[in-house]
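Q: Listed below are the residues making up each chain.
2 protein chains.
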Amino acid sequence: MTEIKPRELPPKSNFIKWYNSVLKLADIADKRYPIKGTFVWLPYGVKLMRNIKEHWDKLFQESGISEILVPLFVSRKNAEANKKWYEGFQKNLYSAVLPTGKSQFILRPTGEPAMYPLFSLWIKDYGLPLRVYETVSSYRYESRTTHTLIRDREITFWYEIHTAHKTKKESEEEAQTHLEIIRKIWKYLSIPPIVVNKPPYEVFPGAVGAIEAYTILPDGRLLENGSINILGQAYSRIYDITYMDEEGKKQYVWQICTGNGARYLAAVIALHGDDRGLCLPPTIAPVQCIIVPIMQKKSKQEVEAECLKLKEKLREAGIRVEIDLRENITPGEKFYQWEIKGVPVRIEMGPREIQKKCLTVFRRDLLTRETVESDKIIEYLNGLMSDIGATLENRVKKLFDSKVKDFDTIEDAFKWVRKGGVAKVSWCGEQPCYERICETEQAIEAIGTLLETEKKHECIVCKKETTNRTLVSKIY
Amino acid sequence: MTEIKPRELPPKSNFIKWYNSVLKLADIADKRYPIKGTFVWLPYGVKLMRNIKEHWDKLFQESGISEILVPLFVSRKNAEANKKWYEGFQKNLYSAVLPTGKSQFILRPTGEPAMYPLFSLWIKDYGLPLRVYETVSSYRYESRTTHTLIRDREITFWYEIHTAHKTKKESEEEAQTHLEIIRKIWKYLSIPPIVVNKPPYEVFPGAVGAIEAYTILPDGRLLENGSINILGQAYSRIYDITYMDEEGKKQYVWQICTGNGARYLAAVIALHGDDRGLCLPPTIAPVQCIIVPIMQKKSKQEVEAECLKLKEKLREAGIRVEIDLRENITPGEKFYQWEIKGVPVRIEMGPREIQKKCLTVFRRDLLTRETVESDKIIEYLNGLMSDIGATLENRVKKLFDSKVKDFDTIEDAFKWVRKGGVAKVSWCGEQPCYERICETEQAIEAIGTLLETEKKHECIVCKKETTNRTLVSKIY
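Residue numbers (my numbering), protein chains in the order written: chain A, 1 to 476; chain B, 1 to 476.
There may be inaccurate statements among the hints.
[What the hints assert, rightly or not] Label-pair distances were calculated between CB atoms; the ranges are:
#1 17/A / 54/B: 32 to 42 Å
#2 20/B / 91/A: 32 to 42 Å
#3 54/B / 59/A: 10 to 20 Å
#4 8/B / 99/A: 50 to 60 Å
#5 103/B / 81/A: 23 to 33 Å
#6 298/A / 192/B: 31 to 41 Å
#7 327/B / 367/A: 54 to 64 Å
#8 305/B / 91/A: 55 to 65 Å
#9 312/B / 13/A: 30 to 40 Å
[To be verified] Listed next, the in silico PhoX-like pairs over lysine-lysine satisfying Cα-Cα at most 20 Å (straight line):
#10 124/A / 31/B
#11 36/B / 77/A
#12 77/A / 31/B
#13 77/B / 31/A
#14 91/A / 77/A
#15 334/B / 36/A
#16 77/B / 36/A
#17 24/B / 334/B
#18 102/A / 91/B
Derived by calculation from the structure, the hints in this document are not laboratory data. Keep in mind the model is a prediction, meaning the values are calculated, not measured. Glycine included, C-beta positions come from ideal geometry on N, C-alpha and C.
Next up, chain A with everything else stripped away, as it sits in the complex:
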């Protein structure tokens, strides 16, 4: 499916409007589906998301984590068995009702109550450590404002890694392995995430700790973007997940679970895009290079033939390349459409280029044109692709730096947050102080302790000395 009509995009400074428009105009999501909090993935969006998913599949499997697929229906009994989990999700649960009117199941909001009752069986079959993941859709009846890819009621392309270990130490090492993998995914997306340790009163229901990644969106709001939950033995004691130790004694396992999904794409769209639409890292772009022929009637045949030759050459070099031969629209319109779709590189070729044995290469990130000798094009493009990745990452770093400012008083911090900024403050880590730096009604929250170590400061609330720093901002 290729869109025919030209379309209009609001400026990115009007962030949410821009975001919703770009989702439709770049053929990512159609929000006209008649059920709130759900949408249709359009063809370009599916390709883009699959490129991200293929990368996490590769990283998980290289790390020895095996893919499984667990049913959507979860026995209500198994869900209720885990009181903290059930209390945490109760308000968000969809039930599945049979045609007979019976309602024994809930629809999976997260995987634990579906998977963990089988974990002891799998430990018997496969031994320890047990390391599995699934990529599924999950369902949560969200009462907060929904935003496509950011907070949906049908959460698509959602991965969850679940692991079980003999010792606490091994499970902690596993959490670090997950963090390394997550950092690799973000690197692939040219985005440097902000990583924090969550305080114990702000973790996944029943967990004993958590590491979380965040991104700052262009409107200054923080978006939680992937979490590693340290479950300790809390869940293994509930679901009786055990193994026999060397003395034949039953022992509970130590567990880690880690999840994220389409929010990766939300960050890619929001952080790299500009007033002209998407701007994709070449790693995940469904089309890395678009060739647009520039010609009059008399040069048509020659130009098209040269363009097709070039396409073949690029394809052989492993570049995802397309050629736009549509005749009913002008080159300018083609430029516009491929720019909305964020294609990293455009090659323009006309009689002038053919004559001079060169190519006009446009890069989407900087909106600049270069003339490149035809016989050096592959080398040039390979360099360009990695340069675009680095340029995008630097731009996001700068954006984050411009949003984050240090503050010593809550008043000044909140003032900055209300202006669309992110406040960095010192904070002792205690719950009463945490509650003072959040304003739930305005969705202002602190995100936990930044992983970076800092020199000693005073807690912005109680003035106790601390090395902990956190970010405070509005949250999606």
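We have chain A; now place chain B onto it with these hints.
A: Quick look at chain B alone, frame taken from chain A:
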């Protein structure tokens, strides 16, 4: 996850018992999930199914059909709008209930009532023909006996192609395109499907016609395995799917929808497997070649080094190869485990092979060993892989031939069916005669008109002359 313990498989003559055992022992499906009609896909099963899915993705996309993803929740109103569809599925529908107790949605049993209300919008955006597909899980509360991958209540890896066309003729050509694609998928799986035209009283609710593929399972039962539904304008009139013709007049589109999924894998398992377990076509085998070192303590280092070299060589040649270096089990146990998993080729290498510069190559389909010169191994394996594919396909052809016998009387036909056979009979195509050659209580059914043309015969019921032939058998 790699299974440690040896396990027992019943003989294939005890088909359903064998089938269920092989699903677990080959790490395809775990049926211990506590909800009837659902199961957990295990790692080897996921890999295997993904290899099949990747092939249909490739074929659909090469044909210009675009992948989308439509929500699971379907508005009850949109479902009820289509009376025939709703009547057809009513008994099988799961409802989704919100935490508030409201029940406005059903869970998708098929895609039409979810997709078609958006089709007019997409036609405006993208023009005609509209050709899309999705691969999803669908949900049907089946009252018939469930069998993993054959009839599940959670139908995983289910693809649906939906297309809309300006003319009846174009839609009929589309149906033929789908049939060609389906034949390519079956070829890839080394299985020759049986294809029929369904009589109009046996089609998808509301459709005007259907082409269906069937496979015969080893117990002589027929398994419907993929259908192409010719919807005519029945659905476009209900969901108001229209376009403007050249005179500016509103016209209803002509539609085709085509679906299948995990039943491909059910057929692969059931038809190619044997008393030792799975037997996979190399096209889809997650591991095409397993290298097992044969060694004593003193030769360990040398043999392992040679095995690793060989693995690298095979991997570079594009072969999916693994090496089994486990030390806690014997080569015999390794053979047994990889045979259950259906790995097409095993290479055994020990000091004898290294000395003679040869390799011992075992093929899973024929259970035979050959000695091959080391420096000819790539060429040999490439030939072997395609030979295994052809051998498997021929074996299935022979199995089908042995099951199907011609009959002139209903009595004899049913006798053969009750013995586990498939009866081929002539049949005029009329509904009263159709009903006479089915016995719903015993699940004996006719499957429609075989595509092959035949000379004239008499209808087995009414004795009218006809060229129609059909198969009658028990149905899964």
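Q: Would you mind marking each hint as holding or not holding in the structure?
A: To see whether the hints hold, each was checked on the structure:
{"no.": "1", "hint": "17/A / 54/B: 32 to 42 Å", "result": "holds, 38 Å"}
{"no.": "2", "hint": "20/B / 91/A: 32 to 42 Å", "result": "holds, 40 Å"}
{"no.": "3", "hint": "54/B / 59/A: 10 to 20 Å", "result": "holds, 19 Å"}
{"no.": "4", "hint": "8/B / 99/A: 50 to 60 Å", "result": "violated, 39 Å"}
{"no.": "5", "hint": "103/B / 81/A: 23 to 33 Å", "result": "holds, 25 Å"}
{"no.": "6", "hint": "298/A / 192/B: 31 to 41 Å", "result": "violated, 53 Å"}
{"no.": "7", "hint": "327/B / 367/A: 54 to 64 Å", "result": "holds, 59 Å"}
{"no.": "8", "hint": "305/B / 91/A: 55 to 65 Å", "result": "holds, 60 Å"}
{"no.": "9", "hint": "312/B / 13/A: 30 to 40 Å", "result": "violated, 54 Å"}
{"no.": "10", "hint": "124/A / 31/B", "result": "holds, 16 Å"}
{"no.": "11", "hint": "36/B / 77/A", "result": "holds, 15 Å"}
{"no.": "12", "hint": "77/A / 31/B", "result": "holds, 18 Å"}
{"no.": "13", "hint": "77/B / 31/A", "result": "holds, 19 Å"}
{"no.": "14", "hint": "91/A / 77/A", "result": "holds, 17 Å"}
{"no.": "15", "hint": "334/B / 36/A", "result": "violated, 53 Å"}
{"no.": "16", "hint": "77/B / 36/A", "result": "holds, 15 Å"}
{"no.": "17", "hint": "24/B / 334/B", "result": "holds, 17 Å"}
{"no.": "18", "hint": "102/A / 91/B", "result": "holds, 13 Å"}
Taken one by one, the earlier hints fail for this structure at numbers 4, 6, 9 and 15, listed in ascending order.
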